[in-house]
Amino acid sequence: MEKIWEGLTQAAMLIVGFDPDLMEITLLSLRVTITATLIASAIGLPLGAWLVVNRFRFRRVVIAIINALMGLPPVVVGLFVYVLLSRSGPFGVLGLLFTPTAMIIAQVIIITPIIVSISHQAIRELWADYHDLLISLNATRRQRIATLIMDGRRALLTASLAGFGRAIGEVGAIMIVGGNIDHATRVLTTAIALETGKGEFGMALALGFILIGLAIIVNLGVHMLSRTERGSRW
Amino acid sequence: MVTPLLPLKMENVSVRRGGKTILGPITLQLADEGISILLGPNGSGKTTLLKTMHGVERPNTGTLQWNVGAEDARLRQAFVFQSPTILRRSVLDNIAYPLTLRGVKRAEARDRAEAFAARVGLTRVLDQHGMVLSGGEKQKLALARALILEPDLLFLDEPCANLDGRATRDIEEILLAVRAEGTRIVMSTHDLGQARRLGDEIWFLHAGQLRETTPKGQFFSEPQSDTARSYLRGDLLP
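First to last, the sequence lines map onto chains C and P. Residue 0 is where the first sequence starts when you use numbering that gives the first Met the number 0, and the numbers rise one by one after that. Residue 0 is where the second sequence starts when you use numbering that gives the first Met the number 0, and the numbers rise one by one after that.
Hints listed in this document are in silico derivations from the structure and should not be mistaken for laboratory results. C-beta: ideal position from N, C-alpha, C; glycine also.
Incomplete in silico selection of chain C near chain P, CB under 7 angstroms:
{"#": "1", "residue": "I134"}
{"#": "2", "residue": "S135"}
{"#": "3", "residue": "N137"}
{"#": "4", "residue": "A138"}
{"#": "5", "residue": "Q142"}
{"#": "6", "residue": "D150"}
Here chain C stands alone, though its shape is the one from the complex (with noise of 0.2 angstroms):
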């Protein structure tokens, strides 16, 4: 309990005195996770209206193959990154490994499913509603998907936020591709495993309210703009 005080109060002389490596470290936490999440969510989200609305054969078994991608080994995606962005492997050249958009390539490996899967439940239903009269507007497909997405933003919002909570929290695959160096690559995760592994638990617990603070002031941000906008108050 001593401990959880130290943090505590460590965590808010950090904030009060604008800590520069704190802040750094802050800083490049959301600027890979939230490239991450917008990338994911380009990818994830009309993936997600795209599987709902096309019947093909093995449709079923993609959906099943992405929800099991769902609780996917961060840190065997990091090794798989790792292996391709190394050296020697088959992107070798790109000089992307222990660089912040190696930590973002990762991050987008591990979160699109979730989007994927989340976007594809919150759209089944909408689309269930909305089939005979997009089919008797001869909407084309891909008016289908824009509209799905589109009246579905609400829900598809929730699919990135959970994205998002995902990979701000996630330490395995960016501790590998990233390797955690100060001023390049660190986090605020990839820190607090440092921390702990030194020993210093006041420092490691302050940046770990550090960053549910600023998950929660995130998400509560992103809540806020989009009730604001017209015309979604539902």
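Guided by the hints, dock chain P onto chain C, whose structure is given.
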């Protein structure tokens, strides 16, 4: 001069579901003007017939031949479903939606939607969310959304089921006005009074078979088929 959409020739059209024939075979020609009322007990195939004519339900046998190409035909007709589908948007955007699908600019689509909303009496609720409307208003919204395409042929599947007398009268008035403008209407109903008020001819469907297509006066005074006779008497048909 635009090629007329009608006549529509249906030949030996039948629809099967789960190994059972639920409609047909039906041979029918849809032409002329006016309102055809489709009567028949539950499960007789009214909705299936309407959806098959409209093209959202595919027949297992038989052919539908429009006077124009099949794609052109689809663009010149509209359908109002029994339980209106309301998009999760404002009333105005709901009504404008079919136009935006066809590439009409948003501002113009909204202007025209406003005019059609006025026509069905929804001007007061334009900016409200579609989902908060009453049952009658939702059905009017669906009607305006169908009419904004200015279809040559309008299908309605029991548009006044679950509506009270006032909403029903509003919708009937709109339909008569639409008919007067030359739109061909085919609608199903359970309401014999409505059939009398609106119909120019009556189609009677029973067990997937079209028992008669008779002018209204004749249908109610001397129906041709036994089943129609007992239906009008109020008997419960098997």
